[in-house]
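S.K.: One-letter residues, chain by chain:
There are 8 protein chains.
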Amino acid sequence: RRIGMPEAVYCQSKTVQEILAILKHHRDTSNEAVLLTRCNNDVVGAVSKLYESMTHPLYVFPGLEIEADYRTIVVGTPTKIDAKVGVLTAGTSDLRVAHECMGTLFALGIHGEIYADVGVAHVDRVLEILPRLEDFDVIVVVAGMEGALASVVGGLVSQPVVAVPTSAGYGSSFDGLTALLAMTATCAQGVSVMGIDNGFGAACAAFRVVKRYTSRAKRL
Amino acid sequence: RRIGMPEAVYCQSKTVQEILAILKHHRDTSNEAVLLTRCNNDVVGAVSKLYESMTHPLYVFPGLEIEADYRTIVVGTPTKIDAKVGVLTAGTSDLRVAHECMGTLFALGIHGEIYADVGVAHVDRVLEILPRLEDFDVIVVVAGMEGALASVVGGLVSQPVVAVPTSAGYGSSFDGLTALLAMTATCAQGVSVMGIDNGFGAACAAFRVVKRYTSRAKRL
Amino acid sequence: RRIGMPEAVYCQSKTVQEILAILKHHRDTSNEAVLLTRCNNDVVGAVSKLYESMTHPLYVFPGLEIEADYRTIVVGTPTKIDAKVGVLTAGTSDLRVAHECMGTLFALGIHGEIYADVGVAHVDRVLEILPRLEDFDVIVVVAGMEGALASVVGGLVSQPVVAVPTSAGYGSSFDGLTALLAMTATCAQGVSVMGIDNGFGAACAAFRVVKRYTSRAKRL
Amino acid sequence: RRIGMPEAVYCQSKTVQEILAILKHHRDTSNEAVLLTRCNNDVVGAVSKLYESMTHPLYVFPGLEIEADYRTIVVGTPTKIDAKVGVLTAGTSDLRVAHECMGTLFALGIHGEIYADVGVAHVDRVLEILPRLEDFDVIVVVAGMEGALASVVGGLVSQPVVAVPTSAGYGSSFDGLTALLAMTATCAQGVSVMGIDNGFGAACAAFRVVKRYTSRAKRL
Amino acid sequence: RRIGMPEAVYCQSKTVQEILAILKHHRDTSNEAVLLTRCNNDVVGAVSKLYESMTHPLYVFPGLEIEADYRTIVVGTPTKIDAKVGVLTAGTSDLRVAHECMGTLFALGIHGEIYADVGVAHVDRVLEILPRLEDFDVIVVVAGMEGALASVVGGLVSQPVVAVPTSAGYGSSFDGLTALLAMTATCAQGVSVMGIDNGFGAACAAFRVVKRYTSRAKRL
Amino acid sequence: RRIGMPEAVYCQSKTVQEILAILKHHRDTSNEAVLLTRCNNDVVGAVSKLYESMTHPLYVFPGLEIEADYRTIVVGTPTKIDAKVGVLTAGTSDLRVAHECMGTLFALGIHGEIYADVGVAHVDRVLEILPRLEDFDVIVVVAGMEGALASVVGGLVSQPVVAVPTSAGYGSSFDGLTALLAMTATCAQGVSVMGIDNGFGAACAAFRVVKRYTSRAKRL
Amino acid sequence: RRIGMPEAVYCQSKTVQEILAILKHHRDTSNEAVLLTRCNNDVVGAVSKLYESMTHPLYVFPGLEIEADYRTIVVGTPTKIDAKVGVLTAGTSDLRVAHECMGTLFALGIHGEIYADVGVAHVDRVLEILPRLEDFDVIVVVAGMEGALASVVGGLVSQPVVAVPTSAGYGSSFDGLTALLAMTATCAQGVSVMGIDNGFGAACAAFRVVKRYTSRAKRL
Amino acid sequence: RRIGMPEAVYCQSKTVQEILAILKHHRDTSNEAVLLTRCNNDVVGAVSKLYESMTHPLYVFPGLEIEADYRTIVVGTPTKIDAKVGVLTAGTSDLRVAHECMGTLFALGIHGEIYADVGVAHVDRVLEILPRLEDFDVIVVVAGMEGALASVVGGLVSQPVVAVPTSAGYGSSFDGLTALLAMTATCAQGVSVMGIDNGFGAACAAFRVVKRYTSRAKRL
Ligand SMILES: Nc1ncnc2c1ncn2[C@@H]1O[C@H](COP(=O)(O)O)[C@@H](O)[C@H]1O
Ligand SMILES: Nc1ncnc2c1ncn2[C@@H]1O[C@H](COP(=O)(O)O)[C@@H](O)[C@H]1O
Ligand SMILES: Nc1ncnc2c1ncn2[C@@H]1O[C@H](COP(=O)(O)O)[C@@H](O)[C@H]1O
Ligand SMILES: Nc1ncnc2c1ncn2[C@@H]1O[C@H](COP(=O)(O)O)[C@@H](O)[C@H]1O
Ligand SMILES: [Mg+2]
Ligand SMILES: [Mg+2]
Ligand SMILES: [Mg+2]
Ligand SMILES: [Mg+2]
Ligand SMILES: [Mg+2]
Ligand SMILES: [Mg+2]
Ligand SMILES: [Mg+2]
Ligand SMILES: [Mg+2]
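Protein chains in written order, with this note's numbering: chain L, 5 to 224; chain Z, 5 to 224; chain P, 5 to 224; chain U, 5 to 224; chain C, 5 to 224; chain Y, 5 to 224; chain F, 5 to 224; chain R, 5 to 224.
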């Protein structure tokens, strides 16, 4: 894996049997952490059971207590990187994508923090959290509907901003197409965009940035 | 004209001869003001010449000195209404639509004011002008690209907000489609939207609102 | 909440637990009415039960007896405003969006009236109700398919007209896209448009208009 | 030509030379009338010159005096059919498509009549002309923007209604796509639709209808 | 009902209770036949039961024995018209739309005949049935996928051709959009198009044509 | 060039200077033929002049006498392959794409033959030429508007059929999108599709097929 | 069946009864193999049972042990052709389309081989299998999301390449539209494209190619 | 300018007079460099003349000798940053966007290098330059048509990859929409996307990344 990212399994279109087979094969051949995205309850249950009797740690996002069919599992403990990523969401329906991003950041060894429901219809919320954003190396903006949060945040911070359009919403949101077009048409300078609902990809984009920091720092 | 709006001539797809004929016919049959939208230089020249030797006043937006193919002419002096409308634009390329709106407001007897280039990539500009917006009975937001200004303004003011998507921009703006979709998907409550580049329509929407104020006030 | 609209909870993508938590928190911190939109039977049941033993009034639109997954609940009694809004629908399938609008108007203290099934394929129906429309401060037109009702009404009345495209229909209605495009391309002057199925937003747009009436009236 | 329609030459993408060659060949091999659509000034000039010295009659729509790049020429005198078609347009910009339809009707031997600028933003105009529409065997409705005229007319008359969406307009009309979708989603019963700007096709559709009348009448 | 078509109830988005209420009201106020489209099994069952003990005849298309959620019911016996309509389908999946058309034709008193599965991938099938098509006053072509049957039939017959795009198929058929665009772009002269899956509308379009025949014939 | 196709220069977005530079460089480094597509008159003139004084043969499609901005030039004499390709067009406006295909076939050493204007609105034209199609190893179908010719031909011949949608036409053809969607939704078995207007690509697809014949034949 | 392909039944929109009826009719009238595509478990069960007591062989793809609603059945033993087709998939979710292609190839007598999960995000995987691709007469590339595998393979091999876009994926894949557009816009020379998810069609396209080989070979 | 990027003027929709006015105002109020993008020859001429007699340096991309209407001008000398960005283009038509990116990088003080025409139809070209890519802190991939280069590069390098879809190409490229959708659907992990033709934005995105490096490095 030349580009240095851990094994990731996209579980949405796989059966529990297929997923367990992949995990068993991984266990036999590698010591690295594994990331499983888009896990429903059955997958979470089966994977938890597989590792129950083992010493391998298991992390589930957004937490075991919540029922959801869009969770992220990390098997094994990732090596930490000295980097922080802020994940902002416009509404509460964008949270499942934000949590996929958080789970992936964890698998990549990056510290992530969520700031939820700071959509631009109440622009003071963004302004309030602005000072706290300075700490982050990368800022991920997750938003559905018209996705305007990406433009506002992009104009307020100087770090890399990665925007993730979501399929949240109804009607004129057209399953994320509206937010996708709006975000790629943003008038904020240098905001780049991931595919619809691709919280995983946003975390990987952040990883590329912070990994380069590290390798540059080493050169010093 | 049951709904009380003055005669309006859309000049884009008409020849100079056709337009002059309409104006001459109007002069013979009515005392009301006439509005001509989307006039190019030829139209402005010919109409100016027609009224040169007459006592009828003639107003051209955005002013005679500028060369543009998207100007608005008002022939005759409209009756003033006690109402003010603020017209905000996200970028300078949205100005031609804002000027069409201003010209139409003038023809409808409404005082209009433009606040240009207050796009959300620099959200402080909107915040700065906020106090001055309180005076307006209706606020028109003209924006192309991702059209995020409508969402931000809609969350900051309590008056009616009419959003006009524009075809300004390139690439991902898709001739205004992106802004149109984004504005109709806005998460700001109660922002309503006009067709792409329809500055004329936004002024008419404002006119509907302020006319109702007047008729209600009369009832008191 | 600078813009003066009451708390509104969009329930479609929330669990019953989340909704009850929001309501309990609201009860402890505010005296204002709360609006819940897009409630299914479970939500209606749980919310009714929560308030059963309390003195707080509870209103459900379009009435408790009907089974539907698209209902609006208002908790508490809103302060009335001296304003009337007419809500016209083209077909019977547009009613659920019209009812969302009615429920929201109620929550905003505005008197609403529905005129259903007056679609333009039988233009006499619109002409018949025309005299009754004069009373309304704002007219909301809810229509799916080709959405032509907005154009016809816009040409017949002088008040503000807010058009709501709906996803009702099949085939060429493309989940509301056809009505959305058609309404924003209307040749009726000054008709403005909400997002697809956004009956809530139409009520808020009307609220913006009538609130401005009140504040203007006060200035007199 | 099994289906009984005269030779038609679509001139938009052909050179003057190609068109003259087709006409000369036709002259040598047939006595029937020929129809040339989408002719610009050069084509009109060259074809007029070709027939100048001949006894063949030549008809140009919408008349030789007007400069336009969208005219229809009929060479030869078509055999008249006992049938009348009404052609309604919503706006003045739809006229060029209506004239293509008129020219084609003439070539097919059918009497056509235009009723221009009766768009639904002023629904009384349609209601006014309603009595005169009873005479027509087929009614063609030509409209751009939101194309609502087709729905209104379809609900008012009992004859076959053929709707032609046009690319007239700007912005939200999306070069006729909006009108095309809206017309095929019409809630008026049994209104059928042609391709965008296809005035030629609408006349042919009318021809199919009236030809069948004739052949049925013969059977009596 | 100025345009002379019988009462039609679109049942897809209505509850059984609502439908029975409409029928009872109709029974008390009219002697005419009623048409119910898009009926599922529950609707067919309930309506059959309602009329069981009555002398009113009841017709169900495509026949009571088949389980389908897209059936047409006619209550009462329509007055026959001297007219025949041929309904061609490209594939077997287009049959449900063809049957809706057949049921509606029946309700309108017109004799309809289906020719199924004559799609252009086997053009000999169309050529084979060609002689039998001459009898029909109108030909309805029902096709999904690329909808090419409309073009081929349009070039082979001289009668009015009404094309109905269907949402049958998968992938590149995009729920009927492909067939809709293709049919309106047909190079066959004078073929007109209905909305996607609108078999009801195609029958109404045919009714408009044949009704005009009758009224013309009377004038003779 | 591992895949064995000759050098091809797409000239549409290149200046004459850039094209001449490429040709000079090629002349110095290779003996193979070069193909230039989408050449306007200036390019044809300049390239002709460059080779005037040389012994290198020069071929221009569709012939030097015709003025067109979409011509194909072949410099050098390609090695012939024992293969024949038939190129069918639906209308005369599709010819420029067909000629691009013919020029490219020539550059690839393949014998091509055009059958123009055999569109399905007159299906007998296709049936007439059917016997002559048997000779061809591959059949290319070039069609705009609704592109139905591909489906008909695909059902009549057993050879590989490559369909090329064109941007010819107006209105509902949407610059080739309609034909592209229709062709990929064809119900004819095993017809494959190139990009819009890509006559060059269709020739290359044919080349891949016939080259494989040759290499297989060698194995025998 | 002039074009020489075996009977194929598309089972997705047919009932088990309809399918059994087709098979029984086929058994009585023909000796050829039959292909059934898009079979769910019920269909597989019923067809298996029908042939249980018979001597007719029955093949199910991708194997009886797997539960899937997208399987291919071949009844009877097809005559083998001397040809090989390689079927590459970008991801594991593309496998169901690849298996449809494999089943169809089998029914056509062609040997097929799958190379799964060689998507371009890891371009070495494609490079690794490159030598093994030389054996194949046709290469089918099955890919969803952005479909880039078609471009890479098209640039590496000289055989005919048939690309099949799939609806696999989520968000920006837009049910296969993205891959469809991308594949038809490929910059690899001569790659042709099937409809979305049309694995059946890709096999038929390959069959057309290899059948022509055979008939050419015979001529030698 | 809180986010630290220099003044940038988008010149496409501005007159020469407007641009000169902006520059003169800037000269009087600031010492920083100014960036002008999308300059045509007139703008380049006028701006060169303005600075001719001054000591201010002036840089034009892609060089003064070339005639193009899409050039970038930098006035003043930017402060260098210790960072390198590689800009890859798929084809030669993508160069104008790549040059906009290069000009912007220069204005931001970043060293940029172009690798042109390395599109995936010849994947060896990308593989060849791979070792040289390691030096870059960020890699920008500029590609039109199907945009597959972004996926391939994203799978080969570990740095941040910013993809820019271009409107280069014709037909199925749909003015960049195809590349935009394809790039946001990429299966390469963590590749982020800019708007169509937004070479400026890609440079800004790179600037955000490298600026963060610097501020992090300072913290050490
Ligand atoms: N949530 C996700 N969104 C997008 N891509 C993902 C996601 N999770 C995993 N992937 C990608 O999918 C690949 C595995 O897909 P597959 O080969 O189909 O199992 C991983 O290597 C990742 O690149
Ligand atoms: N700039 C404009 N945008 C949209 N509609 C306009 C504009 N100017 C005028 N109109 C409308 O077009 C009508 C005149 O159209 P016409 O009869 O074609 O001149 C007016 O009554 C207005 O309703
Ligand atoms: N204005 C028009 N719009 C649509 N189709 C037309 C038009 N004029 C002619 N046609 C059709 O185009 C055919 C001639 O095309 P062509 O052979 O290219 O000249 C005629 O037979 C008609 O079917
Ligand atoms: N299957 C159908 N497709 C399209 N329109 C229909 C259909 N069935 C009924 N209609 C129309 O819908 C109207 C009844 O709508 P509703 O009032 O909602 O029952 C009828 O008058 C018809 O115009
Ligand atoms: Mg919120
Ligand atoms: Mg600005
Ligand atoms: Mg109704
Ligand atoms: Mg008008
Ligand atoms: Mg069939
Ligand atoms: Mg022709
Ligand atoms: Mg994979
Ligand atoms: Mg190249």
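It is possible that some hints are incorrect.
[As the list claims (entries may be wrong)] Across the chosen pairs, the derived CB separations fall in these ranges:
id	chain 1	residue 1	chain 2	residue 2	range
1	R	Thr-19	Y	Leu-24	40 to 48 Å
2	R	Gln-21	U	Asn-44	48 to 56 Å
3	R	Asp-121	L	Ala-120	19 to 27 Å
4	Y	Gln-16	U	Glu-22	19 to 27 Å
5	P	Asp-86	L	Gln-16	52 to 60 Å
6	C	Ala-50	P	Gln-16	50 to 58 Å
7	Y	Leu-24	R	Gln-21	36 to 44 Å
8	R	Thr-83	L	Leu-24	17 to 25 Å
9	Z	Tyr-55	U	Val-20	35 to 43 Å
10	C	Ala-50	L	Pro-61	42 to 50 Å
11	P	Asp-46	C	Gln-21	35 to 43 Å
12	L	Gln-16	Y	His-29	46 to 54 Å
13	P	Gln-16	Z	Ser-219	45 to 53 Å
14	P	Asp-86	U	Ile-133	39 to 47 Å
Note that these hints are calculated values from the structure, not bench results. Nothing here was measured: the structure is a model prediction, and the numbers come from that model. We put the beta carbon where it would ideally sit given N, CA and C, even for glycine.
S.K.: Now tell me if each hint is right for this structure.
M.R.: Against the structure, the hints:
1. At about 35 Å, the CB distance of R:Thr-19 to Y:Leu-24 disagrees with the hint of 40 to 48 Å.
2. In this structure the supplied range 48 to 56 Å is violated for R:Gln-21 paired with U:Asn-44, their Cβ-Cβ distance being about 36 Å.
3. The given range of 19 to 27 Å is broken by R:Asp-121 and L:Ala-120, whose C-beta atoms sit roughly 45 Å from each other.
4. Checked against the given bound of 19 to 27 Å, the beta carbons of Y:Gln-16 and U:Glu-22, roughly 24 Å apart, stay inside it.
5. A hinted range of 52 to 60 Å holds for the C-beta pair P:Asp-86 and L:Gln-16, which are about 53 Å apart.
6. The given range of 50 to 58 Å is broken by C:Ala-50 and P:Gln-16, whose C-beta atoms sit roughly 30 Å from each other.
7. Our hint of 36 to 44 Å for Y:Leu-24 and R:Gln-21 holds, since their Cβ atoms are close to 38 Å apart.
8. Restraint check, R:Thr-83 to L:Leu-24: a C-beta distance of roughly 56 Å breaks the suggested window 17 to 25 Å.
9. Between Z:Tyr-55 and U:Val-20, the C-beta spacing of about 42 Å keeps the proposed range 35 to 43 Å intact.
10. As the Cβ distance of C:Ala-50 to L:Pro-61 is approximately 59 Å, the hint placing it in 42 to 50 Å is violated.
11. The hinted range of 35 to 43 Å is not satisfied by P:Asp-46 and C:Gln-21, whose Cβ atoms lie roughly 22 Å apart.
12. Between L:Gln-16 and Y:His-29, the C-beta spacing of about 51 Å keeps the proposed range 46 to 54 Å intact.
13. For P:Gln-16 paired with Z:Ser-219, a C-beta distance near 38 Å fails the hint of 45 to 53 Å.
14. Separated by about 42 Å at the C-beta atoms, P:Asp-86 and U:Ile-133 satisfy the suggested range of 39 to 47 Å.
Hints 1, 2, 3, 6, 8, 10, 11 and 13 from the earlier list are contradicted by this structure; the remaining hints agree with it.
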